[in-house]
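Enquirer: Take a look at the letters that make up each chain.
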Amino acid sequence: MAEKNMVEAINDAMLEEMKRDPRVMLLGEDVGGGGVFRATQGLRDEFGPDRCFDTPLAESAIIGVAIGASLNGIVPIAEIQFADFIHPAMDQIVSEAARLRYRSNGGWGCPITVRAPYGSGIHGGPYHSQSIEAIYGHVPGLKVVCVATPYDAKGLLKSAIRDPDPVLFLEHKRAYRLYRQDLPDDDFTVPIGEAEVKREGSDITLITYGMMMHHSLKAAETAQDEDGASVEVIDLRTISPLDKKTVLKSVEKTGKALVVYEDNLTGGFGAEVAAIIAQEAFEFLDGPVTRVASPDVPISPYAGVLEEYLLPNPEKIAKAIRDLAAY
Amino acid sequence: MVTVKDMPGILGLTDSQSLDIYYKMVLSRAASARQRVLQRMGKGSITYSGEGHEATQVGTAYALTPGHDWIFTYYRDVGVVLTIGMTARDVLMAFFARKEDISSGGRNMPSHFSHPKLRIVSEGAPVATQLPHAVGTAFAGKLRGLDEVSMVWFGDGATSKGDCHEAMNFAGVHKLPVVFVCENNQYAISVHWTKQMAVENVAVRAQGYGFPGVTVDGNDVLAVYRAAKEAVERARRGDGPTFIEAKTYRLVPHSSDDDDRRYRSSEEVEEWSEKDPIPRFQAYLEGHGLLDEKTRDELTKKAAEEVDAATEYAENAPLPDPETALRHVFAEEEVA
Amino acid sequence: MVSVRESPTELGLSNDQLLDVLYKMMLSRAVGQRERMLNRMGKAPFAVTGEGHEATQVGTAYALVSGKDWAFPYYRDIGVALTLGQTARDLMLEFLARGENVSSGGRNMPSHFSDPKLRIVSGSAPVATQMPHAVGTAFAGKLRGLDEVSMVWFGDGATSKGDCHEAMNFAGVHKLPVVFVCENNQYAISVHWTKQMAVENVAVRAQGYGFPGVTVDGNDVLAVYGAAKEAVERARRGDGPTFIEAKTYRLVPHTSDDDDRRYRSREEVEEWSKKDPIPRFQAYLEEHGLLDEKTRDELAKKAAQEVDAATEYAENAPLPDPETALRHVFAE
Ligand SMILES: Cc1ncc(C[n+]2csc(CCOP(=O)(O)OP(=O)(O)O)c2C)c(N)n1
Ligand SMILES: Cc1ncc(C[n+]2csc(CCOP(=O)(O)OP(=O)(O)O)c2C)c(N)n1
Ligand SMILES: [Mg+2]
Ligand SMILES: [Mg+2]
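Residue numbers (this note's numbering), protein chains in the order written: chain P, 1432 to 1758; chain Y, 765 to 1100; chain B, 201 to 532.
Misleading hints may appear alongside valid ones.
[What the hints assert, rightly or not] Listed next, the in silico PhoX-like pairs over lysine-lysine satisfying Cα-Cα at most 20 angstroms (straight line):
hint, chain 1, residue 1, chain 2, residue 2
1, Y, 906, Y, 939
2, B, 375, Y, 959
3, Y, 939, Y, 993
4, B, 342, Y, 959
5, P, 1649, P, 1747
6, B, 375, B, 429
Just so you know, the hints here were simulated from the structure itself, not pulled from any lab data.
Let the hints inform the model, and build the full structure from the sequences given.
Expert: Take a look at the structure:
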């Protein structure tokens, strides 16, 4: 066992996968020097500049070249420096990577992993804070993972690298160095498409992911201490394909559902979760399926006071729990 | 512009290879013409075809080793895929969107070619997205120490796309074995090349990426072949990419949905018909005693028969099962 | 490379203007340094500055008519913003994310300049996205028969982006009045230019778009100004775009989050410090009798005072009201 924070866990996952499989390589901007978050630290020394590869500053080419390389015996991990800068590559991700298998009737596959730090809370302003999971979670043929703990990050990244299809692997950057966790020394994976109950409870099901999972756990503690409400917290971990079973099972037990996400409210991924609950667990519900999210403004402004005002936090979540519990 | 007036044989082509090139051009023309007829008869929703581009397509593809080198075509490239080894039947199966259509099983539009065994990589419709892919397979080949070459075809319109720039730059920086083939037919649908670029020869851009760019007469199949052969050899030697601009003309509308009288004069089309690459190569072969009327008629007949048979087969082949529309979103478990 | 003039006034700049150019460079340096210091003191979470780029930034911006021509800077362009008329106070308010900062009211990161009156158009962080915008204002100007010029600044890294290509091609096809200024400091964060491009001078690409590209010594402010002046005149005449590549060096890390020792040697930085554009221009002016020690010290003092006053004002200025975070998503 070794204590690791999330960014170290991600680094370890790549190191171990690159050792395990000589086809695995990493490409992106500044990855050779360790990357702006140090996530690729040491990989160039270990595997050389060909397998830890500095590309020109060109996101569409990073993804497009990764797609081509994946057809020819390479298993690429493409790093997008910030999720906010993935948009120029949207064409390659949505129209190419995610459609290649389908449009060729299974003739070609595209085993690429696209890693990108995402999310607010680091004074990143409107271009180093975006949540992009809803935009990409809508795309068939693309798997989307959102990690927020060292264990999940390591296990899911390994699964993503080994997956035969394109996976968008979103790392909440606020969680990179949030805390350390003991990780097994032996190889382990966490399957894509499985949510996890991070805290058991009986009164309310709180469904969340990313940084909001940490805020939600805090809020659940507060609710327990102050109001005696017992909240079950589900960390989706994978956005697409979504683990409906775990969500529905919990809602059937508690009868109340609160969906918490950091992205702005309208059309956020939590809307899909809420729709599934409304449609498939209707008779179990004792209250309105409720959402806590950011307001519909570009998330998030740079000034701390503005950013804090907009983002959901443990207090806002606790209040929503209280309101729903009282319903 | 490079033009070849030399004797056949000088490019390392045997007489029968020269005739094979000629046949591929005739077959491409026949497959295209047939699809347009069938479309007008209401038997298919859309056609894209490449009449006029045969010298460019067959000439470049002929420089590759099928099944070894990587092919990234676009919707106009019926001549490329027939040269690499797809058959008229494959092309017609895609046209009719049949179940066994190797390209896509009826999912992609016709002329969006794919053939994994021949390393013809499935193409999307967004213009220029295939360029970074070609760079990617070349990149993988270089990392893995292979001697495979990637060739990618695209139009003059595609040169304006960001992906074209990003791909060429990436290939230049890392000296990758890629050949970029621009089939410059002077129009992107209705948009004339002068509204697409401010340079006479778009091949000059290659120097901005640190590799050679050549402009060839795209209606002269031997000139095209020579440029492609040189580029492929250069790539295989490890000397990096080449950009080939082949100046040509599409003799037909952009697609079956297009009416090209809206944007170009019939005189212009007429003038280019006189430069049609097929009669031109035919005359050349005849001039060098490699082709006579009899052989020519035989080859024309053979192509027509191949296309007839392909049409008949494809027309009678089953449609895809509707439920297959749900498959292949992700990899499927091997069924034991 | 185009290089320094024999006579300082050869380019039509008066003695006062030459001193003004120097002052703008010194002020830019002082603002950059102050911002990095305040960041280290924990007064702001982030700083991105342009020490070393002053000749390139001031020299190009000086060729424009402020308030008439259109400016599309990127995050390194403190010198551009100051030359076009933003003040040290504007920049400090922006740096400290105060409510009244004209660039963004605390929404954008520092050094993402915007000043509608000065026609400095708000920039985002995604590299190269401002280039098509500059082409767009030039396009509108041409359609409307105006004689305004757009100038857009970007780094060597930005030249690899699709947007750079699409913008240059569009400008070339329609002969638009745009000046493209590449501040080639040889690195995109840690990535050396040799991994960014396979050509010695990226200015050669301009000919692929049908307009001239020139490479200048970006640490020689008059060489830069000369190239910019020519380009602006050309654009205003209706002769179309120019691409200016100014070779320079950033003397500081990429941002306050960067440690440049990871990717470049101290010797290299040292070597470029010797080519620092500010002492270089000072020496040049002294040589031509336009500057003496006294004036130089006065200018330095003036810059320091301006930055001091700006800092004090900004530090005491109010933070944005939290509820303003909800405003300006759409027109009000
Ligand atoms: C990104 C994108 N934009 C627009 C289109 C629509 N479109 C299809 S073909 C075409 C013209 C392409 O012209 P060119 O690249 O010159 O190829 P050509 O058809 O002349 O062979 C356009 C605009 C598209 N497919 N993709
Ligand atoms: C599209 C995009 N990708 C990545 C980034 C992250 N990033 C910020 S600055 C930078 C380097 C830019 O280098 P260059 O263009 O040379 O400008 P310089 O900072 O050297 O002045 C990168 C990669 C970004 N802002 N935008
Ligand atoms: Mg065309
Ligand atoms: Mg740079």
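Enquirer: Give a verdict on every hint.
Expert: For each hint, the structure was consulted:
1. A distance of roughly 9 angstroms separates the Cα atoms of residue 906 of chain Y and residue 939 of chain Y; the hinted pair therefore holds under the 20 angstroms criterion.
2. Proposed proximity of residue 375 of chain B and residue 959 of chain Y is supported: the alpha carbons are some 11 angstroms apart, at most 20 angstroms.
3. At roughly 18 angstroms between alpha-carbon atoms, residue 939 of chain Y and residue 993 of chain Y fall within 20 angstroms of each other, so this suggested pair holds.
4. Restraint check: the Cα-Cα separation between residue 342 of chain B and residue 959 of chain Y comes to about 16 angstroms, which is no more than 20 angstroms; the hinted pair holds.
5. For the hint linking residue 1649 of chain P to residue 1747 of chain P, the alpha-carbon distance of about 11 angstroms falls within 20 angstroms, and the restraint holds.
6. At roughly 18 angstroms between alpha-carbon atoms, residue 375 of chain B and residue 429 of chain B fall within 20 angstroms of each other, so this suggested pair holds.
Hint check: no violations occur; every hint is consistent with the structure.
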